[in-house]
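Asks: Sequence:
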Amino acid sequence: MSTIIADQKKRVVLPNARPGDVFAVNQDPAGRWILVRLLPEKPKRRLQAGQVVNALRESPLRPTLSWKQLKRATREL
Numbered sequence: 011m012s013t014i015i016a017d018q019k020k021r022v023v024l025p026n027a028r029p030g031d032v033f034a035v036n037q038d039p040a041g042r043w044i045l046v047r048l049l050p051e052k053p054k055r056r057l058q059a060g061q062v063v064n065a066l067r068e069s070p071l072r073p074t075l076s077w078k079q080l081k082r083a084t085r086e087l
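Quick note: the sequence shown, position 42, residue 52 per the working numbering, numbers continuous.
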């Protein structure tokens, strides 16, 4: 077991930690600190151009009314 001393800014250097590593920090009732390295999520696969076009065509957010119908429905009487 090695000993590590915190500096003035409460930082410690972990020997096996790499830049960008993320740790979950917990303190148990005995006052010990427990660090658990969290694994990064795998990046989601990007959609190909054809898949993007198909998704836009099938989008439920596309208006179903024509401009005339929309104007008529939103104008105040």
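Quick caveat, the hints were computed from the structure, so don't treat them as lab data. It is possible that some hints are incorrect.
To be verified - Using C-beta positions, here's what the derived DEER-type ranges look like:
no., residue 1, residue 2, range
1, ASP38, LEU66, 49 to 57 Å
2, VAL23, GLU51, 23 to 31 Å
3, ASP17, LYS52, 30 to 38 Å
4, THR84, VAL46, 34 to 42 Å
5, GLN61, LYS19, 44 to 52 Å
6, SER12, LYS52, 49 to 57 Å
7, ALA27, GLN58, 31 to 39 Å
8, ALA40, GLN61, 47 to 55 Å
9, ARG55, VAL32, 17 to 25 Å
10, LYS19, PRO39, 20 to 28 Å
11, GLY30, GLN61, 27 to 35 Å
The C-beta atom is built at its ideal place from N, Cα and C for all residues, glycine as well.
Asks: None of the hints should be skipped; say for each whether it holds.
Replies: Tested hints:
| no. | hint | verdict |
| --- | --- | --- |
| 1 | ASP38 with LEU66: 49 to 57 Å | holds, 52 Å |
| 2 | VAL23 with GLU51: 23 to 31 Å | holds, 26 Å |
| 3 | ASP17 with LYS52: 30 to 38 Å | holds, 35 Å |
| 4 | THR84 with VAL46: 34 to 42 Å | violated, 55 Å |
| 5 | GLN61 with LYS19: 44 to 52 Å | holds, 48 Å |
| 6 | SER12 with LYS52: 49 to 57 Å | violated, 33 Å |
| 7 | ALA27 with GLN58: 31 to 39 Å | holds, 37 Å |
| 8 | ALA40 with GLN61: 47 to 55 Å | holds, 53 Å |
| 9 | ARG55 with VAL32: 17 to 25 Å | holds, 22 Å |
| 10 | LYS19 with PRO39: 20 to 28 Å | holds, 27 Å |
| 11 | GLY30 with GLN61: 27 to 35 Å | holds, 30 Å |
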